[in-house]
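Residues per chain, in single letters:
There are 2 protein chains.
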Amino acid sequence: MKRTEIATLGEFGLIDHLTGDIRLVQKSSIKGVGDDAAILNHGEERTLVATDLLLEGIHFDLVYTPLRHLGYKAAVVNFSDIYAMNGTPRQITLSLGISKRFSVEDLESFYNGVKLACSIHGVDIVGGDTTSSLTGFTVSITCIGSAKEEDIVYRNGAKDTDLIYLSGDLGASYMGLQLLEREKAVFDGSSDFQPDFAGKEYLLERQLKPEARRDIVTLLKEQGILPTSMIDISDGLSSDLLHICKQSNTGCQLYEERLPIDYQTAMAAEMFNMNVTTVALNGGEDYELLFTVPLTSLEAMERVTGVRLVGHMTKPEHGCHLVTRDGQEMPLRAQGWEPIAGK
Amino acid sequence: MKRTEIATLGEFGLIDHLTGDIRLVQKSSIKGVGDDAAILNHGEERTLVATDLLLEGIHFDLVYTPLRHLGYKAAVVNFSDIYAMNGTPRQITLSLGISKRFSVEDLESFYNGVKLACSIHGVDIVGGDTTSSLTGFTVSITCIGSAKEEDIVYRNGAKDTDLIYLSGDLGASYMGLQLLEREKAVFDGSSDFQPDFAGKEYLLERQLKPEARRDIVTLLKEQGILPTSMIDISDGLSSDLLHICKQSNTGCQLYEERLPIDYQTAMAAEMFNMNVTTVALNGGEDYELLFTVPLTSLEAMERVTGVRLVGHMTKPEHGCHLVTRDGQEMPLRAQGWEPIAGK
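Sequence lines, in order, name chains A and B. Under this note's numbering, think of the first position of the first sequence as 1, with each following residue one higher. Under this note's numbering, think of the first position of the second sequence as 1, with each following residue one higher.
Just so you know, the hints here were simulated from the structure itself, not pulled from any lab data. Predicted model, so just to flag it, every value in this text is computed and none were measured. One or more of the hints may lead you astray.
Unchecked claim - With the C-beta cut set under 7 Å, the calculated list includes, among others, these residues of chain A facing chain B:
#, residue
1, A38
2, L40
3, N41
4, L48
5, I58
6, L62
7, V63
8, T65
9, G97
10, R101
11, V104
12, T131
13, H321
14, T324
Claimed, not checked - From the derived model, a few chain B residues whose C-beta atoms are all more than 10 Å from chain A:
#, residue
15, K31
16, G122
17, F187
Note that CB positions come from ideal geometry on N, CA and C, so glycine has one too.
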């Protein structure tokens with residue numbers, strides 16, 4: 001593969017090279033890359049802003065993460081934040097810290113992943129910053145979205161009689177990470193090792209190339225359902241549900257038997273001798289939507305595919321519990337991936 | 001000094017701790033820290049977005065950079081981008097990558113610097129992300145500003161007969177950096193070394209605690225002057241003036257004898273055996289405003305204090321030149337600090 005040293009382009013040349021083919025599609029993108037700031041016109045709508053910082057060795061391992069997938073994921077996790085507000089992502093800014101070990105082609109791969117995600121979700125790249133890094137690859141994305149004021153869904157709107165719904169399934173991304181980490185450890189000891197991921201493709205895809213659930217937001221709108229609260233699952237169901245309960249001042253009952261878990265996730269958890277419920281509750285990086293609706297929406301919710309009723313809110317004095325298969329109530333704890341405490 | 005390990009707070013505890021005392025002051029800040037995204041209402045105005053990524057060892061050295069100053073500078077350089085569009089900064093998001101070697105008090109110092117800058121400029125912190133870093137301290141700030149459509153000043157609006165103005169003076173920040181680097185080298189060899197910065201305070205302040213020139217933007221408005229193009233000096237006057245010329249399709253004549261240079265800068269350049277003109281042209285990190293106005297604004301510009309006429313635009317075929325004190329024309333080159341090419 002061709003390798004062009006970044007030094008041959010220089011900083012501005014590199015930015016021109018990487019962003020030269022970006023075409024703005026949003027009517028609200030008045031001005032994109034090429035000036036001190038991007039200019040957006042959101043007219044009568046609210047502007048939403050979400051931001052994420054991804055650091056090598058913490059959030060991703062380039063040994064098994066293709067740069068194209070990393071670019072895709074870095075964009076999608078920000079879109080997911082905007083969808084979780086019931087908004088529409090419109091623009092992103094993308095800042096990169098890169099070291100000499102990266103070639104122009106590497107960065108093209110990364111950008112192609114970002115551009116693919118943006119193209120699927122109709123989002124413009126309107127600015128950013130590219131600099132060298134003495135150490136790892138650094139990615140910072142800020143996403144700007146919009147929503148009508150009356151459509152915005154907060155974390156603090158749940159009522160103590162609401163139903164709790166969840167899109168997709170849980171734990172697959174975490175099991176995908178376990179697989180990749182194990183294969184990396186094996187690979188470190190033997191250079192001709194060929195990992196066998198047959199039958200585990202779903203887990204790898206969930207880890208390496210997650211999706212943001214625009215489809216769910218759209219389905220809810222079509223059914224005229226406005227959730228009372230919503231969040232995307234990044235830290236893990238326990239942690240994220242506790243955020244909603246804390247901010248809405250409610251308790252909750254979550255039913256273990258209702259947790260959506262894919263067959264591959266269950267198989268992998270067994271193989272790794274892990275409790276699959278713990279994986280589903282605390283794995284994180286699922287980027288599914290967790291939301292609450294009033295009891296009166298039960299019937300309308302039956303017409304929304306791809307989501308499952310997993311529990312209900314309670315009065316705050318009841319606390320936050322998981323109801324196990326045998327009917328016991330276990331306190332829910334935020335055991336999610338806490339990147340700072342863990343290091 | 002008290003040292004609280006970050007692990008005792010956890011990620012969310014840390015964020016609550018650091019952002020709990022933030023009060024939103026902007027009418028357009030509908031929702032700040034505490035949900036998936038910030039919500040802004042810019043009504044009929046344009047929204048401006050600027051972003052900067054600062055990495056330890058590349059953009060700052062914590063050996064001689066107090067964290068409070070770093071926080072202040074990280075915020076101010078983003079405000080400067082918004083002022084350079086003739087806009088008003090309104091909100092920022094702040095993402096940090098931190099390692100175990102930082103204490104809560106360290107991060108408080110950093111945040112206090114950010115908050116001071118925000119308070120001076122009337123800007124809200126509306127969101128962000130905090131994560132651990134395996135290596136250096138990482139800072140990513142995105143600033144959202146606003147401006148009326150008709151007030152926005154681009155880089156591409158200069159005409160070939162326009163006058164070129166510059167606020168403040170140049171090269172001091174670069175000489176401050178040279179001083180700090182030299183003292184660091186001396187310090188590395190002798191632990192009881194006491195640097196003597198007497199008479200060089202201005203240079204250190206320009207490097208460690210630069211200001212964004214809101215005052216100039218305000219003065220221009222008061223005089224009814226709308227620049228035809230504007231940029232802030234981050235990479236160096238040469239590099240940034242060439243950006244304007246390229247995007248406006250003009251040439252330029254810049255006069256060496258007109259370059260504003262402080263006495264301390266000149267003395268330090270002599271001490272380091274550097275050409276002070278080269279320092280002024282290519283030092284960078286001045287965060288002064290470089291802008292062009294029509295010839296017809298010459299009289300009104302005389303009522304704007306703190307700026308200096310440094311040259312004029314020309315037709316593009318004349319090229320971009322520095323006219324030296326002895327009347328020679330030297331081609332202007334972007335020799336600014338190019339962080340990627342240099343590594």
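### Task
List in ascending order the numbers of the hints, as given earlier, that are violated by the structure.
Numbers 6, 7, 8, 10, 11, 13, 14 and 15, in rising order.
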